[in-house]
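So the sequence lines, in the order shown, correspond to chains W and X. So in the working numbering, spot 41 of the first sequence is number 41, and the numbers just go up one at a time. So in the working numbering, spot 67 of the second sequence is number 67, and the numbers just go up one at a time.
It is possible that some hints are incorrect.
Label-pair distances were calculated between CB atoms; the ranges are [claimed, not checked]: (1) X/E50 / W/S46: 32 to 42 Å; (2) W/E57 / X/R30: 27 to 37 Å; (3) W/G171 / X/N43: 20 to 30 Å; (4) W/A109 / X/D3: 17 to 27 Å; (5) X/S36 / W/G149: 41 to 51 Å; (6) W/G171 / X/M1: 18 to 28 Å; (7) X/C28 / W/I50: 48 to 58 Å; (8) X/R59 / W/Q18: 31 to 41 Å; (9) W/L77 / X/D3: 46 to 56 Å; (10) X/K18 / W/L77: 31 to 41 Å; (11) W/I51 / X/E50: 49 to 59 Å.
Computed cross-link-like contacts, DSS-like style, restricted to lysine-lysine with a CA-CA straight-line distance of at most 30 Å [as the list claims (entries may be wrong)]: (12) X/K61 / W/K160; (13) X/K46 / X/K61; (14) W/K114 / W/K55; (15) W/K55 / X/K18; (16) X/K61 / X/K39; (17) W/K82 / X/K46.
Calculated directly from the structure, the hints in this document are not laboratory data. Note that CB positions come from ideal geometry on N, CA and C, so glycine has one too.
The chain contents come next:
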Amino acid sequence: MILIILVIPADSKLTPAQVLEQELETILRVAKRLTLNEADAEDVVSQTIIIAFQKWESFDGRHPRSWLIQIMRNEWLQNLRKRKSRPETELVEAAEEGFWREVDSRLEAQFIYKALDDLGEDFRIAITLCDLEGLSYQEAAQIVDVPLGTFQSRLFRARKQLRSRVLELSGEPA
Amino acid sequence: MEDLLQQVADGSLRGWRKWYAISHAARCYRCGNFLSRLKVTLNTLKLGSEPANADALARLKAQVRDLDQPK
């Protein structure tokens with residue numbers, strides 16, 4: 001039997017710029033879902049870029065998307081602590097509520113995204129990571145820094161709440 | 001049962017547990033409704049993910065290029 005051992009040279013690791021170039025769009029989308037605000041999302045991704053360059057040497061090169069999202073989430077949590085309060089979610093105006101009642105099933109997606117934005121932060125990030133960005137339970141659990149079982153349970157509760165909220169918004173019975 | 005149905009909907013359940021959950025959903029109106037609704041929701045989320053803000057993305061890419069320049 002011939003045993004082939006592939007040795008990957010240390011210098012084959014991508015550069016931070018290459019990784020960021022590949023992942024930036026995903027990180028920005030996740031940041032938008034996390035912060036619910038375009039400006040905050042851009043700010044926190046900008047901080048993430050700086051930290052990614054600073055910490056690049058200590059990164060093992062595996063799962064760069066998870067690594068970057070984890071940095072971004074930690075930065076966002078620190079920002080929130082500095083502000084001492086969560087940013088207020090935009091209030092839905094009455095006129096908009098009327099609009100939502102009139103839309104038909106073609107606008108299902110809008111109900112779903114609106115419902116997603118209405119969820120609490122932990123639930124929103126769980127659904128964003130697994131159901132929008134397609135990360136595995138394991139990767140997402142690592143990002144939010146909870147055990148796998150805890151994450152699964154959180155994701156399942158998040159989906160149930162999302163479903164109830166969609167039904168509420170669309171005026172359908174549960 | 002709803003936990004199993006969620007794993008059916010996201011494709012993470014395999015084997016006899018998947019078969020059990022699907023056959024239950026086929027017989028139970030409430031679970032069948034839950035499963036089909038959840039599948040629609042998850043598919044919509046996957047397909048309809050809105051693109052990142054193009055202007056913000058361009059600015060952030062510029063920041064990356066800037067940091068990548070040798071000092």
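We went through each hint and held it up to the structure:
1. X/E50 / W/S46: 32 to 42 Å: This hint is violated: roughly 20 Å between Cβ atoms.
2. W/E57 / X/R30: 27 to 37 Å: Since W/E57 and X/R30 have Cβ atoms about 54 Å apart, the given range 27 to 37 Å is violated.
3. W/G171 / X/N43: 20 to 30 Å: Cβ of W/G171 to Cβ of X/N43: about 21 Å, so the range 20 to 30 Å holds.
4. W/A109 / X/D3: 17 to 27 Å: holds (25 Å)
5. X/S36 / W/G149: 41 to 51 Å: About 27 Å separates the Cβ atoms of X/S36 and W/G149, which means 41 to 51 Å is violated.
6. W/G171 / X/M1: 18 to 28 Å: 26 Å Cβ-Cβ, so the 18 to 28 Å window holds.
7. X/C28 / W/I50: 48 to 58 Å: holds (52 Å)
8. X/R59 / W/Q18: 31 to 41 Å: violated (19 Å)
9. W/L77 / X/D3: 46 to 56 Å: violated (28 Å)
10. X/K18 / W/L77: 31 to 41 Å: holds (36 Å)
11. W/I51 / X/E50: 49 to 59 Å: violated (26 Å)
12. X/K61 / W/K160: violated (37 Å)
13. X/K46 / X/K61: holds (25 Å)
14. W/K114 / W/K55: It is violated: about 36 Å lies between the C-alpha atoms, which goes past 30 Å.
15. W/K55 / X/K18: Judged against 30 Å, a Cα distance of about 42 Å means the pair is violated.
16. X/K61 / X/K39: violated (35 Å)
17. W/K82 / X/K46: Violated, at roughly 33 Å.
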